[in-house]
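Chain by chain, the residues run as shown.
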Amino acid sequence: MTGARTRGPARAGQYLALLAYLAFLALPFLWLVSTAFKPARELGSLHPTWIPEDPTLANFRQAFDEQPLLQAAANSLVAALGAALIAVTVATPMAYVMARRRGRLSAAATGWVVVSQAFPFVLVIIPLFLVLKNLHLINTLTGLVLVYVTWSLPFAVWMLTGYVRAVPAELEEAAAVDGAGRLRTLCSVTAPLLAPGIVATALFAFITAWNEFFFALVLLKTPEKQTLPVVLTHFLGAEGVADLGPLAAAAFLATLPSLVVFALIQKRITGGMLAGAVKS
Amino acid sequence: MTRRLAVAVMAAVLALLPAGCSSGGDGGGRDAEGRIVLRFQSLAWQKESVDANKELVAEWNAAHPDVRVDYEQGSWDSVHDQLLTSFEGGEAPDIIHDASDDLADFAHGGYLADLRPLLSGRLKADIPRTSWETTTFGDGVYGVPFLQEPRVIMANKKILEASGVRLPTPVKPWTWAEFRQVAREVTVTMGEGRYAVAWPLKEPVSVSLNLGLSAGGRLFHRGDDGKVAVRFTEADAVVPGTVHAQINTDRSASRSTLGMGGSDTLPGFFGGTYAMVPLGFSYRQQIVQQAPEGFEWIVLPAPAGADGPAQGVSPQTLSIAEDSPYKKEAARFIDFLLRPANMVRLARGDWMLPTGAQALKDPSLRTAEDGWATGTALAGHLRPAPAQSVRGYPEWKDKVAAPAYQEYYSGAIDAAELEERLVDDGNLVLARYQR
Numbered sequence: 239m240t241g242a243r244t245r246g247p248a249r250a251g252q253y254l255a256l257l258a259y260l261a262f263l264a265l266p267f268l269w270l271v272s273t274a275f276k277p278a279r280e281l282g283s284l285h286p287t288w289i290p291e292d293p294t295l296a297n298f299r300q301a302f303d304e305q306p307l308l309q310a311a312a313n314s315l316v317a318a319l320g321a322a323l324i325a326v327t328v329a330t331p332m333a334y335v336m337a338r339r340r341g342r343l344s345a346a347a348t349g350w351v352v353v354s355q356a357f358p359f360v361l362v363i364i365p366l367f368l369v370l371k372n373l374h375l376i377n378t379l380t381g382l383v384l385v386y387v388t389w390s391l392p393f394a395v396w397m398l399t400g401y402v403r404a405v406p407a408e409l410e411e412a413a414a415v416d417g418a419g420r421l422r423t424l425c426s427v428t429a430p431l432l433a434p435g436i437v438a439t440a441l442f443a444f445i446t447a448w449n450e451f452f453f454a455l456v457l458l459k460t461p462e463k464q465t466l467p468v469v470l471t472h473f474l475g476a477e478g479v480a481d482l483g484p485l486a487a488a489a490f491l492a493t494l495p496s497l498v499v500f501a502l503i504q505k506r507i508t509g510g511m512l513a514g515a516v517k518s
Numbered sequence: 014m015t016r017r018l019a020v021a022v023m024a025a026v027l028a029l030l031p032a033g034c035s036s037g038g039d040g041g042g043r044d045a046e047g048r049i050v051l052r053f054q055s056l057a058w059q060k061e062s063v064d065a066n067k068e069l070v071a072e073w074n075a076a077h078p079d080v081r082v083d084y085e086q087g088s089w090d091s092v093h094d095q096l097l098t099s100f101e102g103g104e105a106p107d108i109i110h111d112a113s114d115d116l117a118d119f120a121h122g123g124y125l126a127d128l129r130p131l132l133s134g135r136l137k138a139d140i141p142r143t144s145w146e147t148t149t150f151g152d153g154v155y156g157v158p159f160l161q162e163p164r165v166i167m168a169n170k171k172i173l174e175a176s177g178v179r180l181p182t183p184v185k186p187w188t189w190a191e192f193r194q195v196a197r198e199v200t201v202t203m204g205e206g207r208y209a210v211a212w213p214l215k216e217p218v219s220v221s222l223n224l225g226l227s228a229g230g231r232l233f234h235r236g237d238d239g240k241v242a243v244r245f246t247e248a249d250a251v252v253p254g255t256v257h258a259q260i261n262t263d264r265s266a267s268r269s270t271l272g273m274g275g276s277d278t279l280p281g282f283f284g285g286t287y288a289m290v291p292l293g294f295s296y297r298q299q300i301v302q303q304a305p306e307g308f309e310w311i312v313l314p315a316p317a318g319a320d321g322p323a324q325g326v327s328p329q330t331l332s333i334a335e336d337s338p339y340k341k342e343a344a345r346f347i348d349f350l351l352r353p354a355n356m357v358r359l360a361r362g363d364w365m366l367p368t369g370a371q372a373l374k375d376p377s378l379r380t381a382e383d384g385w386a387t388g389t390a391l392a393g394h395l396r397p398a399p400a401q402s403v404r405g406y407p408e409w410k411d412k413v414a415a416p417a418y419q420e421y422y423s424g425a426i427d428a429a430e431l432e433e434r435l436v437d438d439g440n441l442v443l444a445r446y447q448r
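These protein sequences, in sequence, are chains A and B. Residue numbering for the first sequence follows the working numbering, beginning at 239 and increasing consecutively. Residue numbering for the second sequence follows the working numbering, beginning at 14 and increasing consecutively.
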C-alpha cells in the first residue's frame, strides 16, 4: 500500500520531467514557427509573444520571392535520399563482415572508423574538391552525394555493426542446419532482423546530408544546384545580420521534410526494437 | 504497402539522380558559341542589393555580347573557406566579392591578381587613397573597395530631445568625454531600469579598434623592419575606458547588452529601454522595417577624439582571381559595375556608403531621410581598420583580444590587466606569424 502510494508520485514526477524535457526540445522549433508568421514590426517588439498578434504569410511570400526554395528543397531531397540509400547499401555488408569476422583487421577497421569521425571538414575538403574536379563532378548533385556517402559511411558502418552483433549468430547456424545457403540465410533470416537498424542508419545518413552546409557551399556553384542549407544563408549578411522573418519561414519549411521522413519510419524503428525485446 | 513505398522512393531517387548529374560546367572560360564567360560571385544578400547586382549584370550582358557574365550567389557565412577551396582547386570565380579584411591571406598567397595594371584611370582617381589602402598589400592592389559603412549612433529622437542634451552633428560631434556626460544625463531623465546607451559587444574587438582611431589609437605599430608590434597607449585607452566607465561606474550603459549582437538590441531600442545604440550604418534598414509606428529615430555621428570623427572600416571589395584567363575583361566589368550611377544603386541596395567620390555626390545619398546625410558627411573621415594588413590578426582577435575586452567591459579585469593581455599575450601570437 505504501509502495503504491510512493510509486504514484514518483511516476507523476517522471512524466513531469519527461514533459519538461520534451517542452525544452520543442521550444526552439515552436519559436521558429512563431517567428515565421510574425510581421516585421512584431519581430522588433520588446515584449515578444508566442502567438503572433497579427499573423502573416508575408515572410513565406518574401522567402519564395527572393530564393529558389522549391528547387533547393528538391536538390536537398535528392542529395539526402541518394546519400542515405547508397550509404546503407554499402554499409550493411561491410558491417556484417566486421561484426561476424572478428579479428585484428576488424578491430583496426572499427578503430579507424571511430577516429575518422574526428576529422574536421576543412581538412578533407580540398583533397575531395580536387578529386571531384578530376571526375568532372564539381557543381553536380552526384558529386555531392558521393561526398555525403563518404562522410557518413564510417559512422553508418559502426552503427550497423552493433545491430548485426545484436542478431544471434545461432539463428544463422540454425538456418544453415535447416539447409539454407549463405545468401538465403542473409536475406531471409538476418536482413529482416536488421531492418530497424538499417532504417535507423538510413535516417541518420538522411538527416546528416539534409542538414549539411559546408560541402554543399563549396561544391555547388550555380543557384539551380544549391541545397536548402546553402540557400538559407542567403538571408544572412555579414557579421550575423539576418533577414529574420523570411529566414524563419524558410527554415521552418526546411525542417518539415526531416520531420515527415522521421514520422514515416519511426514506427518501423520502435516496432523493430520492441520485437527484439520480446524475443529475448 | 511499405515495400511499395520503399520501391517508389528508390525509383524516384534513381530517376532524379541523373538530372543532378549533368554538370553546370565551368565552361573553361568560353561558352559553346565561343563567347568569353566570366563568373561573378556576389555576396549581396538583401533583396534590393541582389536585384541591383542582377540588373547590372543583365545590363552588361545586353551591351557586351562578346563577354557574358554569369551571376553566382555567394554567402558571407564561411566565404573565406569556400574561396580558399575554390582557389586551391583551380575553380575560383573570375570576379570575387569579399571584404577587405578577408583579403590579406589571399593576396599574400598569390590567389588574387594585382589590379594596378588592369584598372581604369577613372576608377583609380574616383576612389580616395585611404580606401585603396585597405586593399593594398605589399606593392600590389588586390581589390577595389566599393562599399563601406561607418559606425554611427542610432538614437531615439524623443528621449534625447526631452533630456535637453545637445545633439551632435558631423561638423560638431560629441567628444568622448561629452558623450559620457550626455549618457549620464540622459540616463537620469529616463528613469529606473533604462539606459542611455546599449553597446552590443558580442564582437568587441573591431568596435574598440575602429572607433579608437578617433582618439588616435592605433594599437598596431609597424617598425622599420616591417614587423608589427602591439602597443597600448593612452589614446588606445580612450574608447575602451569610456565604455567601461559607462557600464561599471556611471551605469549609463546596459550591462546585459555586452553579449548581444546589433540586431538583439533593437527591441530594447524600440521599446525605450535604451536611448542610443552604436551600430553599423546599414542597420538603418532593419530599423526602417521593424520600428513600431510613430517611432522617431535619428542617426548621430560617433563621438570624436583628438583625431576628429575618424574611424576604421573594412570596405566590401571586388577582386579578380589570379587564375582567371580574362583579367582585362573582368576589370572592364568591374569598371562598369562601379560607374558612379551604378555604385549608387549598389550602395542604396545595401544601405551603405559608396567609396567613389562621384557616387557620394548623388543627391539620393545626401538626403536627411533615414540618416543618409549623416553617413555621407562622415565618409571623408573613414580610414583603413587598424588591423587591416596585420598577419596573425584573426588569431590575436579570437584568442587574446576578444576575451580580454569582454572581461574588461564587464568589470572582471582592470585597465592594467587589459593592457598586459593585449600587449604581452598579443605580441607572442603575432611573433609566430613574423618569423
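For the record, the hints were derived by calculation from the structure and aren't laboratory data. Take the hints with a grain of salt, since some may be wrong.
As the list claims (entries may be wrong) - Result set (SDA-like, lysine to any residue): computed pairs, CA atoms no more than 25 Å apart in a straight line:
{"no.": "1", "chain 1": "A", "residue 1": "371", "chain 2": "B", "residue 2": "44"}
{"no.": "2", "chain 1": "B", "residue 1": "410", "chain 2": "B", "residue 2": "248"}
{"no.": "3", "chain 1": "B", "residue 1": "67", "chain 2": "A", "residue 2": "477"}
{"no.": "4", "chain 1": "B", "residue 1": "215", "chain 2": "A", "residue 2": "371"}
{"no.": "5", "chain 1": "B", "residue 1": "60", "chain 2": "A", "residue 2": "392"}
{"no.": "6", "chain 1": "B", "residue 1": "60", "chain 2": "A", "residue 2": "476"}
{"no.": "7", "chain 1": "B", "residue 1": "67", "chain 2": "A", "residue 2": "476"}
{"no.": "8", "chain 1": "B", "residue 1": "67", "chain 2": "A", "residue 2": "265"}
{"no.": "9", "chain 1": "B", "residue 1": "60", "chain 2": "A", "residue 2": "306"}
{"no.": "10", "chain 1": "B", "residue 1": "60", "chain 2": "A", "residue 2": "371"}
{"no.": "11", "chain 1": "B", "residue 1": "215", "chain 2": "A", "residue 2": "413"}
{"no.": "12", "chain 1": "B", "residue 1": "374", "chain 2": "B", "residue 2": "298"}
{"no.": "13", "chain 1": "B", "residue 1": "340", "chain 2": "A", "residue 2": "368"}
Just so we're clear, the structure is a prediction, and the values are computed from it rather than from any experiment.
Evaluated hints:
no., hint, in the structure
1, A:371 <-> B:44, "holds (19 Å)"
2, B:410 <-> B:248, "holds (19 Å)"
3, B:67 <-> A:477, "holds (23 Å)"
4, B:215 <-> A:371, "violated (39 Å)"
5, B:60 <-> A:392, "violated (41 Å)"
6, B:60 <-> A:476, "holds (15 Å)"
7, B:67 <-> A:476, "holds (20 Å)"
8, B:67 <-> A:265, "violated (38 Å)"
9, B:60 <-> A:306, "holds (13 Å)"
10, B:60 <-> A:371, "violated (32 Å)"
11, B:215 <-> A:413, "violated (64 Å)"
12, B:374 <-> B:298, "holds (21 Å)"
13, B:340 <-> A:368, "holds (24 Å)"
Hint compliance for this structure: hints 4, 5, 8, 10 and 11 are broken, all remaining hints hold.
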